[in-house]
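Student: Residues per chain are reported as follows:
Protein chains: 2
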Amino acid sequence: MSYFTENRGRYLEELKEFLRIPSISTLPEHKGDIRRAAEFVAGKLRQAGMEGVELIEGEGNPLVYGEWLGAKGKPTLLFYGHYDVQPAEPLEEWVSPPFEPAVRGENIYARGAADDKGLTLILIKAVEAVMAVRGSLPVNVKFLIEGEEEVGGEHIERYVASKPPRLTADAAVICDTEMFAPELPTLCIGLRGIVYGELVVKGAKQDLHSGVYGGAAPNPLMAVAEILCALKDREGHIRIPGFHDRVRPAAEAEHAAWARLPFDEKKYRDEEMGVIALTGEAEYGLFDRLWARPTLEVHGIRGGFTGEGAKTVIPAQALAKVSARLVADQRPEEAVAQIQAAVAAACPKGVTAEFRYLHGAAPSLVNPDNRFIRAAAQAMTEVFGNETVYVRSGGSIPIVGAFDQSLGIPSVMMGFGLPDDNLHAPNEKLYLPNFYRGIEAVARYLDLAL
Amino acid sequence: MSYFTENRGRYLEELKEFLRIPSISTLPEHKGDIRRAAEFVAGKLRQAGMEGVELIEGEGNPLVYGEWLGAKGKPTLLFYGHYDVQPAEPLEEWVSPPFEPAVRGENIYARGAADDKGLTLILIKAVEAVMAVRGSLPVNVKFLIEGEEEVGGEHIERYVASKPPRLTADAAVICDTEMFAPELPTLCIGLRGIVYGELVVKGAKQDLHSGVYGGAAPNPLMAVAEILCALKDREGHIRIPGFHDRVRPAAEAEHAAWARLPFDEKKYRDEEMGVIALTGEAEYGLFDRLWARPTLEVHGIRGGFTGEGAKTVIPAQALAKVSARLVADQRPEEAVAQIQAAVAAACPKGVTAEFRYLHGAAPSLVNPDNRFIRAAAQAMTEVFGNETVYVRSGGSIPIVGAFDQSLGIPSVMMGFGLPDDNLHAPNEKLYLPNFYRGIEAVARYLDLAL
Numbered sequence: 141m142s143y144f145t146e147n148r149g150r151y152l153e154e155l156k157e158f159l160r161i162p163s164i165s166t167l168p169e170h171k172g173d174i175r176r177a178a179e180f181v182a183g184k185l186r187q188a189g190m191e192g193v194e195l196i197e198g199e200g201n202p203l204v205y206g207e208w209l210g211a212k213g214k215p216t217l218l219f220y221g222h223y224d225v226q227p228a229e230p231l232e233e234w235v236s237p238p239f240e241p242a243v244r245g246e247n248i249y250a251r252g253a254a255d256d257k258g259l260t261l262i263l264i265k266a267v268e269a270v271m272a273v274r275g276s277l278p279v280n281v282k283f284l285i286e287g288e289e290e291v292g293g294e295h296i297e298r299y300v301a302s303k304p305p306r307l308t309a310d311a312a313v314i315c316d317t318e319m320f321a322p323e324l325p326t327l328c329i330g331l332r333g334i335v336y337g338e339l340v341v342k343g344a345k346q347d348l349h350s351g352v353y354g355g356a357a358p359n360p361l362m363a364v365a366e367i368l369c370a371l372k373d374r375e376g377h378i379r380i381p382g383f384h385d386r387v388r389p390a391a392e393a394e395h396a397a398w399a400r401l402p403f404d405e406k407k408y409r410d411e412e413m414g415v416i417a418l419t420g421e422a423e424y425g426l427f428d429r430l431w432a433r434p435t436l437e438v439h440g441i442r443g444g445f446t447g448e449g450a451k452t453v454i455p456a457q458a459l460a461k462v463s464a465r466l467v468a469d470q471r472p473e474e475a476v477a478q479i480q481a482a483v484a485a486a487c488p489k490g491v492t493a494e495f496r497y498l499h500g501a502a503p504s505l506v507n508p509d510n511r512f513i514r515a516a517a518q519a520m521t522e523v524f525g526n527e528t529v530y531v532r533s534g535g536s537i538p539i540v541g542a543f544d545q546s547l548g549i550p551s552v553m554m555g556f557g558l559p560d561d562n563l564h565a566p567n568e569k570l571y572l573p574n575f576y577r578g579i580e581a582v583a584r585y586l587d588l589a590l
Numbered sequence: 141m142s143y144f145t146e147n148r149g150r151y152l153e154e155l156k157e158f159l160r161i162p163s164i165s166t167l168p169e170h171k172g173d174i175r176r177a178a179e180f181v182a183g184k185l186r187q188a189g190m191e192g193v194e195l196i197e198g199e200g201n202p203l204v205y206g207e208w209l210g211a212k213g214k215p216t217l218l219f220y221g222h223y224d225v226q227p228a229e230p231l232e233e234w235v236s237p238p239f240e241p242a243v244r245g246e247n248i249y250a251r252g253a254a255d256d257k258g259l260t261l262i263l264i265k266a267v268e269a270v271m272a273v274r275g276s277l278p279v280n281v282k283f284l285i286e287g288e289e290e291v292g293g294e295h296i297e298r299y300v301a302s303k304p305p306r307l308t309a310d311a312a313v314i315c316d317t318e319m320f321a322p323e324l325p326t327l328c329i330g331l332r333g334i335v336y337g338e339l340v341v342k343g344a345k346q347d348l349h350s351g352v353y354g355g356a357a358p359n360p361l362m363a364v365a366e367i368l369c370a371l372k373d374r375e376g377h378i379r380i381p382g383f384h385d386r387v388r389p390a391a392e393a394e395h396a397a398w399a400r401l402p403f404d405e406k407k408y409r410d411e412e413m414g415v416i417a418l419t420g421e422a423e424y425g426l427f428d429r430l431w432a433r434p435t436l437e438v439h440g441i442r443g444g445f446t447g448e449g450a451k452t453v454i455p456a457q458a459l460a461k462v463s464a465r466l467v468a469d470q471r472p473e474e475a476v477a478q479i480q481a482a483v484a485a486a487c488p489k490g491v492t493a494e495f496r497y498l499h500g501a502a503p504s505l506v507n508p509d510n511r512f513i514r515a516a517a518q519a520m521t522e523v524f525g526n527e528t529v530y531v532r533s534g535g536s537i538p539i540v541g542a543f544d545q546s547l548g549i550p551s552v553m554m555g556f557g558l559p560d561d562n563l564h565a566p567n568e569k570l571y572l573p574n575f576y577r578g579i580e581a582v583a584r585y586l587d588l589a590l
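Residue numbers (this note's numbering), protein chains in the order written: chain V, 141 to 590; chain S, 141 to 590.
There are no misleading hints in this set.
Intra- or inter-copy, both count: the list cannot distinguish identical chains.
Pairs of lysine-lysine residues, derived as DSS-like cross-links and limited to a Cα-Cα distance of at most 25 Å, are as follows: (1) K171 to K451; (2) K407 to K342; (3) K451 to K342; (4) K303 to K212; (5) K407 to K345; (6) K406 to K342; (7) K489 to K342; (8) K214 to K303; (9) K406 to K489; (10) K345 to K406; (11) K345 to K451; (12) K407 to K489; (13) K345 to K489; (14) K171 to K156.
Don't read these hints as lab results, they were simulated from the structure.
Since the structure is predicted, the reported quantities are computational estimates derived from the model, not experimental observations.
The whole structure should be built from the sequences, with the hints applied where relevant.
Tutor: Structure below.
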């Protein structure tokens, strides 16, 4: 389609304009930029021919909504993206300033280039292209673009949970993931969920001197260690009763597909992670451990003395940040209850221990035979010229679970980022050929999703 | 002796003068006060009739030395105390300002009242009294008063380790401990030693996202927990090979003496410590666990995220502050080597772990039949009117080990503090009757140590 080629210059200029807005949602001083970014998105939706475009206000940053419902009797797709970005620090590590987009080689460098302004614009420009060329779309589309993805997405979560009728759709299309490797069109069909909380252990009424009381005083830090070791053994097996009951093993076909992925384990271990050995449940393959098995991790332990030198304190209290990644069909509330019961059972003498739940997200797994998934795979294969691969992600995208649970629709995760895009890090970039091909692939998808 | 009674007013004024000097060794801005306090001590030693009084300069705060060697052929006692104090924070919790000594009831309140200015002055005033009344002493005495006790005592440790001939003595007298209960004269005959270090665990080359890498990435915080649990079991037993080989069980007589101590375990547990249960090795009694058994404690664990909210990081590195209390006849260097070997053996897959030794002190245990100990017990019994009890302390006074190892002399620990003196806390105090009786008891000791 030569329309796409002709418009590349304009696409790039619009992307740069979007990237110049420092819409950092984690910093309150950027409230004005957040609004400018929301209005930029609304303008682009109107320009693409969307109707009923508006900012949905509420507690938090505005959601941007727009729709085109002229394809009577045809499926409806709900497009999701986000216009907020991470902070840019450390600034001194950026080759070019984070909010002055710079093209070097085939990449554009700026905060938000890949996460998620570039990918959000792909969706809008794809719809705009079809509307411009044909004056209508083959399917109905709705856009719901949020501005709090980097700070927990509470506004959109509440909004989706309220099941507003105007969000009714047949599938969601989420453009916030990456390709498994360059030139390899990739669909993500599964995400891990998460439950995150604090393990709080209390001992004496005040800090104690380890010389005077050591030998008789319970040590909450040691209790944290003992509880963690009771919850997960040295071989990476979670020892929480009932925790694995709902875990759905990956299908044989999925295992076979993973085995065909271009992957260099040695490079992954030595260069990407930089560890002396990969760990985890030895009876499962690497992709199973990363994508299809639950995990339990401790992220930090607070309490006592961690400064320079020596202080011989037995702290009165200790707190550990602990999360579990969940896989289909585990349920966050049930997992929390299981963890709480296991913590209570593992609590050593002399202290009290409880797991305080902070937040969570359900896992998700779509059937690759779903027609909206198959259509996306075909569209990407056609445009990229390579067979689309199916992967999962070990991370969590809470909105996917929300779409599933509150709207009852599957999410099609078309990824156009690359593994080295430096998300959340200095010198974030987007590979421009993927930006242009992404627009074509999503436009093609509108026909195939019919 | 009416001399002592007549001089109480002067003793109190001199104590107040000493307490008004904010000689806080942990804060560099008090360097001038440190020197003033050292010079105050030197002046008091001269006033007491000591000869060769001088400030021994070196790296750190000055040591104050003075001697009287006129008792030819008689034993020599080496008196130890310290003129530096802890910081006074939190200031708002003091009833009267920490460096404006205030007498309320029978107590004097000020930072350093009990730890250790009041007790150091007891030693000087006792010697002064005998010199004033008789013009000579029954034994030879040497004073070595330091100004870095609250910051590790490195200057005195180096000085003693150099075995200077002028420190030659038959016994050291240390006035820096407490009575087991009010009115109960107490000799401390054993101290635990300590080895303190950092358990450093390294995993990936940088922090990792627990969603993306969890299941395959080693977690250094979890490794810290696993290593700690391998080193000590849930019942408080240290599982370090060879660690207990040199541990000398408390003698039957010592056990019998401990059983007679006035002690309310319920009050200790519920009020003093405020815990729901005492812990530790169930097969040992409480005083054994506190005084005669080694311990292993973790004081803090650094790494990852411990702020408010949630961050899903697997840290590249974790560090735990770990110490072990040692008992006679354990040796610090050997204990460090044993811990290092046990850490290496317990290191889980995917990480490296090492125990980095920071500092230590040898345990000490004197034979209660030692003549200098027996003489001290008799002096205290006579002055206080109650039988002197023998206890140990679970804490560590490094100088005791240094006197033992470098000078080959036992330490007589005459304690005149009380358990509720608020050492290192707001409203530190000294019970004035103990101050006055302490002077008499030490003066009496000079005769009995003959």
